[in-house]
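Chain order of the listed sequences is S and A.
The numbers in the working numbering rise by one with no breaks, and the one at position 57 of the first sequence is 57.
The numbers in the working numbering rise by one with no breaks, and the one at position 54 of the second sequence is 1054.
Simulated from the structure, these hints should not be mistaken for lab results.
Keep in mind that a hint or two might mislead.
Claimed, not checked - Estimated spans, in silico, between C-beta atoms of each pair:
(1) R1071/A - R55/S: 49 to 55 Å
(2) I125/S - L1082/A: 23 to 29 Å
(3) E111/S - L1027/A: 28 to 34 Å
(4) D1064/A - G13/S: 37 to 43 Å
(5) R55/S - L1044/A: 57 to 63 Å
Unchecked claim - With a Cα cut of at most 35 Å, we get these calculated DSBU-like pairs of lysine-lysine:
(6) K257/S - K1013/A
(7) K78/S - K67/S
(8) K130/S - K1026/A
(9) K1026/A - K257/S
(10) K215/S - K259/S
(11) K257/S - K71/S
(12) K104/S - K32/S
(13) K226/S - K32/S
(14) K215/S - K32/S
(15) K1026/A - K226/S
(16) K130/S - K94/S
(17) K76/S - K94/S
(18) K33/S - K215/S
(19) K94/S - K1026/A
(20) K257/S - K76/S
(21) K110/S - K78/S
(22) K1013/A - K11/S
(23) K104/S - K71/S
(24) K11/S - K1089/A
(25) K11/S - K1045/A
(26) K32/S - K94/S
(27) K1089/A - K259/S
(28) K104/S - K130/S
(29) K67/S - K11/S
(30) K259/S - K1013/A
To be verified - Quick partial rundown of chain S residues pointing at chain A, CB under 10 Å, derived from the structure:
(31) G31
(32) L70
(33) M179
(34) R182
(35) D190
(36) L195
By construction, the Cβ of each residue, glycine as well, lies at the ideal position given by its N, Cα and C atoms.
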Amino acid sequence: MGEVIVITSGKGGVGKTTTSANLGCGLAIAGKKVALVDADIGLRNLDVVMGLENRIVYDLVDVVEGKCRLKQALIKDKRYAGLYLLPAAQTRDKDAVSPEQMQKLCENLKEEEFDYIIIDCPAGIEQGFKNAIAGADRALVVTTPEVSAVRDADRIIGLLEANELSSPSLILNRVRPDMVDRGDMMSMDDVTEILAVDIIGVVPDDESIVVQTNKGEPAVTVESSKAGQAYRNITQRILGNDVPLMEFKQEESFMDKLKKLFHKG
Amino acid sequence: MDLFDLFGFLKKKEPSSGTVAKDRLKLVLVHDRVNCSSQVLEMLKGDIIKVISNYMEIDEDELDINITQTRSEDNSGTVPVLYANIPIKSMRRNSN
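Only chain S is shown next, with the shape it has when bound in the complex (with noise of 0.2 Å):
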């Protein structure tokens, strides 16, 4: 039986889309069968994160109205064997999707064999937050370091809760340890204080994002990309497997290293 996982945030630009991607991808390549559905309708952006938007024929409205069957919207990765987009569409508004539907797309996906059927939610807490949750097993909030990422995500887990999605799993994305170490950012352990929720990975903020996003190809395949070890990590805990949490050594400069021998007098 396949399991849906809903990434959320609350607040918008926070890497859900991102990590939805790279998710997806290392699902897949973990030998998965992945449904990657992108429930931000009017603003689709999976499709153009994951390289896909010269592909779409049908999308997701077209699906829950009936003008397709859901096996023709399924958009099928050539490159990693598995794994299948289920689009947004573009055109259309929030509206055009209920909650109910929602659930049943996810079940109709269930029976079709997916392993996991990732939805990438919109920001916002509104009707499409409310149509994403729907049909899921289960959540994973997306937050950064700041207040007012970590006070959206406190929000959104509320919320989560009390729609019956409780104890979601935070990932803490866009780390700076640079940062961190200097007390200018907040750590893991500050916001899983403040969120009391469990941490299921930490991913650095890291240029080969942008670099991957840019070619549509998710981080998650390049071996050498930090916040795609990140992902790889993630990937593995929700497979059920124990992965330590990533710790960012920054390399000492000249330069920190006469500041702590300063600092120490």
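Please arrange chain A on chain S, whose structure you already have, making use of the hints.
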């Protein structure tokens, strides 16, 4: 900038911005979570003063009522608590 940093330990130590962020968040989330505005808190404060004043004379200026967080009994997380510090000046004689 680096040169100033070298002498940073001579200056008065300010809390790091990360700590400031954490403290601000804690406070804002306490109010977000219980959905209690400062206006509601003021009304609550007024009512508490009214009730308690029937029994004892209290120092209204030193009165402190706030919503904070505390560890839950089973240690699974934090729960909001209503914290009230109400200094008593004297008991009212006619209270009983």
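Taking the hints in turn, this is what the structure says about them:
Range check, R1071/A to R55/S: Cβ separation about 52 Å, and the 49 to 55 Å hint holds. The hint said 23 to 29 Å for the Cβ distance between I125/S and L1082/A, and at roughly 27 Å that hint holds. Separated by about 48 Å at the C-beta atoms, E111/S and L1027/A break the suggested range of 28 to 34 Å. At roughly 39 Å, the beta carbons of D1064/A and G13/S sit within the given window of 37 to 43 Å.
At roughly 59 Å, the beta carbons of R55/S and L1044/A sit within the given window of 57 to 63 Å. A hinted pair counts as satisfied when its Cα atoms are at most 35 Å apart, and K257/S with K1013/A qualifies at roughly 20 Å. Taking the CA atoms of K78/S and K67/S, the gap is about 25 Å. The hint holds against a cut of 35 Å. Simply put, K130/S and K1026/A have alpha-carbon atoms about 27 Å apart, close enough for the 35 Å limit, and the pair holds.
Of the pairs offered as hints, the one joining K1026/A and K257/S holds, with about 34 Å between alpha carbons and a cut-off of 35 Å not exceeded. Our distance criterion of 35 Å between C-alpha atoms is broken by K215/S and K259/S, whose separation comes to about 40 Å. Between K257/S and K71/S, the direct Cα distance comes to roughly 59 Å. Violation of the 35 Å bound is thereby established for this hinted pair. Taking the CA atoms of K104/S and K32/S, the gap is near 22 Å; set against the 35 Å cutoff, the hint holds.
Between the alpha carbons of K226/S and K32/S the distance comes to roughly 23 Å, so the proposed pair stays at or under 35 Å and holds. Our distance criterion of 35 Å between C-alpha atoms is met by K215/S and K32/S, whose separation comes to about 24 Å. With a C-alpha separation of about 30 Å, the suggested pairing of K1026/A with K226/S holds against the 35 Å cut-off. Between K130/S and K94/S the CA atoms are separated by roughly 10 Å; this keeps the pair inside 35 Å, and the hint holds.
The straight-line distance between the Cα atoms of K76/S and K94/S is roughly 25 Å, inside the 35 Å bound, and the hint therefore holds. Proximity of K33/S to K215/S is assessed by CA-CA distance (about 23 Å); at most 35 Å being required, the pair is judged to hold. For the hint linking K94/S to K1026/A, the alpha-carbon distance of about 33 Å falls within 35 Å, and the restraint holds. This hinted pair does not check out: K257/S and K76/S have alpha carbons roughly 51 Å apart, beyond 35 Å.
A C-alpha spacing of about 21 Å is found between K110/S and K78/S, which places the hinted pair at or below 35 Å, so the restraint holds. With a CA separation close to 33 Å, the supplied pair K1013/A and K11/S stays within the 35 Å bound. With a C-alpha separation of about 15 Å, the suggested pairing of K104/S with K71/S holds against the 35 Å cut-off. Taken as a hint, the K11/S and K1089/A pair is broken in the structure, with Cα atoms around 49 Å apart against an allowance of 35 Å.
Proximity of K11/S to K1045/A is assessed by CA-CA distance (about 34 Å); at most 35 Å being required, the pair is judged to hold. The hinted pair formed by K32/S and K94/S meets the criterion: a straight-line CA distance of about 30 Å does not exceed 35 Å. Between K1089/A and K259/S the CA atoms are separated by roughly 54 Å; this puts the pair beyond 35 Å, and the hint is violated. Simply put, K104/S and K130/S have alpha-carbon atoms about 14 Å apart, close enough for the 35 Å limit, and the pair holds.
A distance of roughly 33 Å separates the Cα atoms of K67/S and K11/S; the hinted pair therefore holds under the 35 Å criterion. Restraint check: the Cα-Cα separation between K259/S and K1013/A comes to about 16 Å, which is no more than 35 Å; the hinted pair holds. With 10 Å as the threshold, the beta carbon of G31/S stays out of range of chain A, its nearest partner Cβ sitting at about 36 Å, so the hint is violated. The restraint placing L70/S at the interface with chain A is violated, with a minimum CB-CB distance near 39 Å, outside the 10 Å limit.
Among the interface hints, the one on M179/S holds; its C-beta lies about 8 Å from the nearest C-beta in chain A, closer than the 10 Å criterion. Interface restraint check for R182/S: the shortest CB-CB distance to chain A comes to about 7 Å, inside 10 Å, so the restraint holds. Restraint check, D190/S versus chain A: the minimum CB separation of about 5 Å is within 10 Å; hint holds. Taking 10 Å as the C-beta cut-off, the interface hint given for L195/S holds, the closest approach to chain A being about 9 Å.
Hint violations for this structure: numbers 3, 10, 11, 20, 24, 27, 31, 32, all remaining hints satisfied.
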